[in-house]
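S.K.: Protein chains in written order, with numbering that gives the first Met the number 0: chain A, 0 to 314; chain B, 0 to 430.
These aren't lab readings, by the way, just hints derived from the structure by calculation. Here a beta-carbon is modelled for each residue, glycine too, at the ideal position from N, C-alpha and C. Do not take every clue at face value.
[Said to hold, decoys possible] Listing some non-contacts, in silico: residues in chain B with all C-beta distances to chain A over 12 Å:
1. Ile-5
2. Gly-24
3. Lys-125
4. Leu-129
5. His-153
6. Met-187
7. Leu-196
8. Val-204
9. Asp-268
10. Ser-316
11. Gln-333
12. Ser-342
13. Ser-368
14. Lys-371
15. Lys-389
16. Val-409
[To be verified] A few chain A residues facing chain B, derived, Cβ under 8 Å:
17. Lys-86
18. Thr-88
19. Ser-107
20. Arg-112
21. His-115
22. His-131
23. Arg-172
24. Arg-175
25. Pro-193
26. Thr-195
27. Pro-198
28. Gly-203
29. Val-207
30. His-208
31. Leu-210
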Amino acid sequence: MRHLLSAADFSHDEAVAMLDLAEDMAEVNDREVKKLPTLRGKTVVNLFFEDSTRTRISFELAAKRLSADVINFAAKGSSVSKGESLKDTAQTLEAMGADAIVLRHSSSGSAFRLAHTDWVDSSIINAGDGSHEHPTQALLDAMTIRQSLNQDVRGKDLAGVRVLIVGDISHSRVARSNLLLLTTLGAEVHVCGPATLAPSSLVGKERVHYLLDEAIRQVQPDVVMMLRVQQERMTASFFPTEREYSRVWGLNKSRLSALDDKTIVLHPGPMNRGLEIDAASADSKNSKVLHQVRNGVSVRMAVLYSLLSGEKENA
Amino acid sequence: MPRNYILQSATDVFGKSVDVVIEDGAIVEKPALGVEHEKIDCSGLTVLPGFVDLHTHLREPGFEQSETVASGSRAAAAGGFTAIHAMANTFPVADTAGVVEQVARLGEDAGLVHVQPIGAVTVGLKGEQLAELGAMAQSKARVRIFSDDGNCVHDPALMRRALEYVKAFDGVVAQHAQEPRLTVNAQMNEGALSAKLGLAGWPGVAEEAIIARDLMLTELTSSRLHVCHVSTAGSVELIRQAKLRGIRVSAEVTPHHLLLTEDLASGYDPIYKVNPPLRKQSDVDALRAGLVDGTIDVIATDHAPHPKESKDTDWASAAFGMVGLESAYSIAQQVLIDSGESSFERLAEVLSTNASAISGLTDQGTYLSVGKVANLTLVDPEFKTQVESKTQSMSENNPYVGRSFTGGVVHTIYDGQFSYRNRQIVERSAL
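Just chain B, same shape as in the assembly (with noise of 0.2 Å):
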């Protein structure tokens, strides 16, 4: 099979019409003489860098009821994404070189996505001594990022010690913000609608207390925090005033904390239920605005498959979370472009180029960079779909099930290679 491709006019991010010559997987200037192509109309398709997810649980090893490192990597490039980070929280916890080596391996023979482990912080995410960051940096998995996601590493002590300890390997520690105290059986954002219904509340003061807490010890470490799915309005102005400082923090906002609100609570249909919980628009208002000024980073999936039978219960009983993976482009456009708000460069950058430098990809977010690999995914800003439960992800936990979305990916090039084409999957073994 040729690797040679030409995308014919495709449009740009910056609204230029362009033509993308790939050859042996690379993004080359003009196309050489003597080598055969094959010519892919893209007129009407925008080309973008190929996404980058910060935040993603694959769930292998350990839960493979709900996803594989296979089925989260074909959701990854249904998705758009040339590059997803698998969480810690797999069983056993990726708080080894062993776990992270075997993680990064399983996505290699998927074929799909760049498959970047994220080591915990602590063993076992228990929050009770660090992990050994530094096998794990040093692996073949290159880890970069650490976090104990899932919990919060709230011991001040011991958050101190990550921070300093992983600048020897210019790492960054990963923060799920959530002073445990304040969020015991927590089940929904705290306030007036919480009380009616009888829900034990999740206060925003859980989440912004920690950040607050932590770009102190950042600024005292000088080191590098990222502060995963930020979710309230305080947290987006914490984040602002500490950048404006001069903090080194990037954050992450998911898709579904820019659109979704509290009050889906009200039918207690946990398919809703996630952590940290939807909040109220005032909210996701906020949320947005942080995403379009540049206090926000990165719009990162928090992609969390599960069972049927963790959604099929009472509120209380279920598990926390929502697959993303595969409309996270749907809404990137919906709150960036379609609102009026921002641009395809900026939403490039949100998507793929912010998250790519905070991970240190150095192949990822290179978009038409030319003699760099092609890591692309173009995407059809006019094409209109109702979004069905059954999709690549092995869980149907989606929250978007009925809804419209107006814009979706059309074709997703990973490392020189169509892993997602005409909207269908290519195989690896099908190359």
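For reference, chain A alone in the conformation it holds in the complex (with noise of 0.2 Å):
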């Protein structure tokens, strides 16, 4: 693998072994050494059109566990020209020695145009563009997802795994990637949103939902995935309002109480607690929101190791 750019680049099989890595790494992150000498002498990127701290910050623990050297260019704000500063910015950044691009953009496609032109020859990683993928959020989310249903995790899929992604399913990379990825490790993945914003061209009618107590009560999920509400897409009437997303698609107690005991909850962060998530969901034992975020830093090792690592081996 030189590039990752999409959940979909990987096979059940490809899925399966680099979550087995990521479990290697997670066992670095309980050291009290945090460190392996893998990727020393290489550069990471941290290319961020678009701010996110977090998905940053994650990266950035990554690549330093891996003794990578790491820049972070944070792109300011809405330039005219956001394309010729893409390209711009990241022959800049080559020039100066990059091995790996870890591109946060606000376009579909960026990473994928990226990888595919002549622009640069480091390794891609797509760390969200636009409405499109966000392919290592999906890789975290299954891990967590593979750990909460077992003891020994190593070489499992999710077969038979029942994920209920709810909100806004159109605008997101979030929902998009673990759709594939979790696909392709076997789980049956329904989605429940507003009609607005749960296009069923992405999953099928039959596994569109439109009223989340009907989802939970169908689909008896064993996963529910709640995703950030943006204020932007109450202003352009997809919705009415706060208040009546937050009744008919917020998860509350009396949601929670419906669910399993045993069904986990997740939710990419940051969260609008009182929004699309309340207080007690949040913050009770079925939410797995930490150990996403523990996850991640393990995820973006694994995938920076394989880019990098194998990168080597090749030359």
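Given two chains presented individually in distinct reference frames, assemble the corresponding complex, making use of the accompanying hints.
M.R.: Dropping the structure here:
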């Protein structure tokens, strides 16, 4: 693997192997000295055209724990011609010696474009491109789900696991990457959200639900993944008010009690407490939000390791 | 230089072998005695009326890094065009007599093709207030087609007024049909693929809703409507029904909407980003059927040159548009002739005579009419070529690079003189 652009880049076996590798990395994270020398001398650039402190820090930690040098580049604001600065900025950073570029960009396909043009030769890791994909988020979600269902996780996939993703599916890169990866791993993925935000073409009609209570009843999910609600969706009339959204699609105490005891709750963060998820659900024992954060570092270590140490062997 | 030619043994649109005689720039029935003619062997070539493009972006004034009237004229001549219609979205906008006359004059200076300016419908293409349509119509540029192309005249009251107003000088409003509220930040055809790619969708209904409204306004005002770059099966059906009702509507389709589909967006290469967007194969099929059965009147290129930096970006940052003048004929031949669906007679209509009639050009689309000035294009239907990025156009945003085409333009005769001969531009200064 040279780039990680999409959760669809993984076959079933590759996905399982990547999760296993992430478990190895997790063991490093539990040591007193949380560091491997593997990527010493390599340079990883976090190129973030959108603010995302969490994702950036997670990648930064992952790279540092593998002894890579890390540069953070936050492109300021909304420049008129983001595209030109994507090419120019990436080339500039590569000229300084970047081996991998971790790209967050508001434009769907930007990571694919960076990887498939002659602009740069670096390995490209998609850290979120517009409404398209966020593959390392899907990996960390899969890792969290796998851990919650098994004592011994190695070699296991997610066959038969029922996942319900709730919220703005249309604009969510988290949803898209999870749909791809969790399905590859054998899970049965359903989505639920306002009809304005839940396109049936991504999952098929029979797996789209418009009301959360019905969806919980029908799907009996093992995993409920709540997506963050963006304020701008409301102003664009995708749904009328925060109150109505919260009433119909928010995860709250009563809906939590309708779930099986063992059902886990995920959220990619940052949470809008009181909107898509209430405090009781966010802080419940079902919530695996902090596991997700911890696993995020492990899967990103695994990805960086696969991309950058593999390259050395080939060279 | 003599302006007397005999094009020997060409094949006309009916499949008959003809000798075309041109004297002093005009078509004559027989060579006059005592007149010297240059004889040109045209066996194997089909003679067609010079092509007329209703939809060309020449970018001058204002965007000369993309194209100039001169470079666009060269591309037109190489594509077999003897007349092109320059869209109004220049800077300054072609919304006054002064600007349209400037564009027309630049066309005359280049001298390779008749450059017919299109006037803006509204001041600055802003959709708020009518431009001085009468002044443009009465100017030396003799504007008959008005369009805010790039923007839709979306205000229904303004569109109604424009349709009524242009009746005074037999004008026509050429509408870029795009409901703006349904296409905010739209990037590609809306559907399963746009959902998968995470690109904001441009639903076909945003085009169809405007066309349906405009057809009703056209009927109400007894005026004349031209629909630019029709792209969906639903639009074709609306226009078909309107024609059956007797509404005076004409419609164009671009070569790219006849050939390419939305699947090309999958690689996020903005060379395939165009407005309206590439649609599905079922739309392509409907457009082709509409072109064959007469619902769609013309192939118009929507030649939209852009500099490299406008496409050397991520998808969302890239400009909409693709060049098209130099590949239009090959695509028309593929769609109408090589497909077995239609004939050279129909090809001549959709590439020349219908556009000429819509625009009221008396010297174009006249084909072999005796006494008329010669505006002719000779094509080799067997010629095989692979598209290269460097062409006569200044811009290289060409989606066909690397594709193989059959059929190409060999000679273009504009205003009785070669503008393109043996696949070479003949500069006016060389005459």
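S.K.: Run every hint past the structure and note whether it holds.
M.R.: Status of each hint after checking the structure:
The Cβ of Ile-5/B sits about 51 Å from the closest Cβ of chain A, beyond the 12 Å cut-off, so the non-interface label holds. The claim that Gly-24/B is not at the interface with chain A holds, since no C-beta of that chain comes within 12 Å of its own (minimum 48 Å). The beta carbon of Lys-125/B is kept farther than 12 Å from every beta carbon of chain A, the shortest such distance being approximately 20 Å. Non-interface call for Leu-129/B relative to chain A: holds, since the shortest CB-CB distance, roughly 31 Å, exceeds 12 Å.
Non-interface status of His-153/B relative to chain A is upheld: no Cβ of that chain comes within 12 Å, the nearest being about 18 Å off. Interface exclusion of Met-187/B from chain A breaks down, the closest Cβ pair being 10 Å apart, not more than 12 Å. Against the 12 Å criterion, Leu-196/B falls within the reach of chain A, whose nearest CB is about 6 Å from its own CB. Every Cβ of chain A is farther than 12 Å from the Cβ of Val-204/B; the closest lies at roughly 15 Å, confirming the non-interface assignment.
Not every CB of chain A is more than 12 Å from the CB of Asp-268/B (nearest about 8 Å), against its label as outside the interface. Under the 12 Å C-beta cut-off, the non-interface status given to Ser-316/B relative to chain A is violated; the minimum distance is some 3 Å. In this structure Gln-333/B is separated from chain A by more than 12 Å, as the shortest Cβ-Cβ distance comes to about 28 Å. No beta-carbon of chain A is positioned within 12 Å of the beta-carbon of Ser-342/B; the least distance is around 40 Å.
Taking the minimum C-beta to C-beta distance to chain A, about 50 Å, the non-interface status of Ser-368/B holds against the 12 Å cut. No Cβ of chain A approaches the Cβ of Lys-371/B within 12 Å, the least distance being about 49 Å, so the stated non-interface status holds. With a cut of 12 Å on Cβ distances, Lys-389/B stays outside the contact zone with chain A, its closest approach being about 18 Å. At roughly 36 Å from the closest C-beta of chain A, the C-beta of Val-409/B stays outside 12 Å, upholding its exclusion from the interface.
For Lys-86/A, the interface hint holds, since its Cβ comes within 8 Å of a Cβ in chain B; the closest pair sits about 6 Å apart. The restraint placing Thr-88/A at the interface with chain B is violated, with a minimum CB-CB distance near 12 Å, outside the 8 Å limit. Because the closest C-beta pair between Ser-107/A and chain B is about 4 Å apart, less than 8 Å, the hint holds. A least Cβ separation of about 5 Å between Arg-112/A and chain B falls short of the 8 Å threshold, and the interface hint therefore holds.
A least Cβ separation of about 7 Å between His-115/A and chain B falls short of the 8 Å threshold, and the interface hint therefore holds. A hinted interface residue such as His-131/A counts as satisfied when its beta carbon comes closer than 8 Å to some beta carbon of chain B; here the least separation is about 3 Å, so the hint holds. Interface hint at Arg-172/A: satisfied, since its Cβ lies 7 Å from the closest Cβ of chain B, which is below the 8 Å cut-off. Hint status for Arg-175/A relative to chain B: holds, with the closest Cβ pair at about 6 Å, below 8 Å.
Below 8 Å, beta-carbon pairs count as interface contacts, and Pro-193/A has none with chain B, the closest being about 15 Å; its hint is therefore violated. The interface hint given for Thr-195/A is violated, since its Cβ lies 13 Å from the closest Cβ of chain B, which is over the 8 Å cut-off. Interface restraint check: Pro-198/A against chain B, minimum CB-CB distance 5 Å, threshold 8 Å, status holds. With a cut of 8 Å, the hint placing Gly-203/A at the interface with chain B is violated, because the nearest CB-to-CB distance is about 11 Å.
For Val-207/A, the interface hint is violated, the least distance from its beta-carbon to any beta-carbon of chain B being 12 Å, above 8 Å. About 17 Å separates the beta-carbon of His-208/A from the nearest beta-carbon of chain B, more than 8 Å, and the hint is not met. For Leu-210/A, the interface hint is violated, since its Cβ never comes within 8 Å of a Cβ in chain B; the closest pair sits about 21 Å apart.
Checked against the numbered hints listed earlier, the structure breaks hints 6, 7, 9, 10, 18, 25, 26, 28, 29, 30 and 31; every other hint is satisfied.
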